[in-house]
Amino acid sequence: MRAPLHLPLVLAVLATTSTALAHHSFAVFDRTKKVTLTGTVKDFQWTNPHTWIQVVIADDKGNATEWGVECGSPNMMARTGWKKTSLKAGDRVTAVVNPLLDGRPNGSLVTITLADGTVLGPGDAPPPKPLGAQ
Amino acid sequence: MQRASLRSLLTCLAAACAVVGCGAPLPADQTAKAPPATGSSAPKTAAERGFTGVFLPTGTLEEPAGFAQWPNTPWPKSPPFTPAGAAESQRLNDHGNFTACAPGGPVFHMWEVGLFPIQLLEAPGQLVIQREASGLVRRIYLDGRAHPPDDEIVATWNGHSVGTWDGDVLVVDTVGTNGRARAANGVGSNAKPSSLDSDPRFPVSDALHLVERFRLVANNELLEDEMTIEDPKYYTEKVVLKHYFQRRPDIDMLEYFCGDNPRRD
Chain A
1 MRAPLHLPLV LAVLATTSTA LAHHSFAVFD RTKKVTLTGT VKDFQWTNPH TWIQVVIADD
61 KGNATEWGVE CGSPNMMART GWKKTSLKAG DRVTAVVNPL LDGRPNGSLV TITLADGTVL
121 GPGDAPPPKP LGAQ
Chain B
1 MQRASLRSLL TCLAAACAVV GCGAPLPADQ TAKAPPATGS SAPKTAAERG FTGVFLPTGT
61 LEEPAGFAQW PNTPWPKSPP FTPAGAAESQ RLNDHGNFTA CAPGGPVFHM WEVGLFPIQL
121 LEAPGQLVIQ REASGLVRRI YLDGRAHPPD DEIVATWNGH SVGTWDGDVL VVDTVGTNGR
181 ARAANGVGSN AKPSSLDSDP RFPVSDALHL VERFRLVANN ELLEDEMTIE DPKYYTEKVV
241 LKHYFQRRPD IDMLEYFCGD NPRRD
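Residue numbers (the numbering used here), protein chains in the order written: chain A, 1 to 134; chain B, 1 to 265.
Hints listed in this document are in silico derivations from the structure and should not be mistaken for laboratory results.
Pulled a few chain B residues facing chain A out of the computed Cβ check, cut under 8 angstroms:
no., residue
1, D250
2, I251
3, L254
Some residues of chain A that are not near chain B, with every Cβ distance over 10 angstroms (derived):
no., residue
4, D30
5, A64
6, G103
7, V110
Covered stretches of chain B (in silico footprint by chain A; criterion: 3 or more residues with CB under 8 angstroms from a CB of chain A, positions within the stretch not fixed):
no., region
8, 55 to 69
9, 110 to 116
10, 216 to 223
11, 242 to 249
Every residue gets a Cβ at the ideal spot worked out from N, C-alpha and C, and that includes glycine.
All chains, please: the whole structure from these sequences, using the hints.
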């Protein structure tokens, strides 16, 4: 029987496969920490090797911070409920991320709650099937 | 009148042909050697043997063995490295091994946990293995050819592969890799990223000679790939591993291109 993948670890490992992150390891993300971001989508980059969500967060003082949230690849995301239209600029979302260790506003997605209440993961392996089930 | 005469002539010719034969006669030995086009004695295709379709590598990063009854072989903790192999493994540990979205090569290609599926496609005389995460395919010639001579072979990421059937087992022999493919570890080799562990990386050089025995098990639901890795530049002895792929007709292959969005953050 296969257990579900450890999503942050998968993301992190995948991150090391990308051109984007080829020059720094996935240890840049603090997998022991989760940060909840509630804000407005500025941009949704439905691209390989990873998709990115740019989210603008406003604090109590009205200061805006833009976070980059890294997800899986479109093929994996499409198999786990995502569509290229799942997000658009202006959507209000709540994302839980593993943040960068260095404090910059960037993280790998754990879960996200869309404007319509749908909860999605970062994009993962196809749902497993036990032997003999098909 | 003329039309009736022509009809009579054709009728006579037809009758004469029926008696003596008008077509070019086939040599007796040619008809005797003509193989049947179909039938039980015809060689089975890879598709008829069940070797085509979409398969998902078994195992996860947390449970790399996959199905308990058909476990993937773990990589050795103390690989039989040559000094050059140990040095290359250490270099990859120090600097990472996923740089520049390099293709995986035949070992990494077949050693992926269940993130990206593979598809086996058959064309006359060849079986093609497409890995979703790689734009390059493994092309296995089944037409009886041999590898090109060493001085003529064109070194490539996936190398040159020829296959033969040993009963129900497809034996695939691969040489001619360029030695620059991603080293198996991290994704696909049940280890963790180099930043998290000290497990060795498993590079293969351009001296790789890979022999794989593919067979279907578990009521044809699993494709078993027994890999014998022979690489005298990096390993002092052969490394034998088994990896399994689950047939998943419910999955459609999609596209993946590693270098699409090269963000620096």
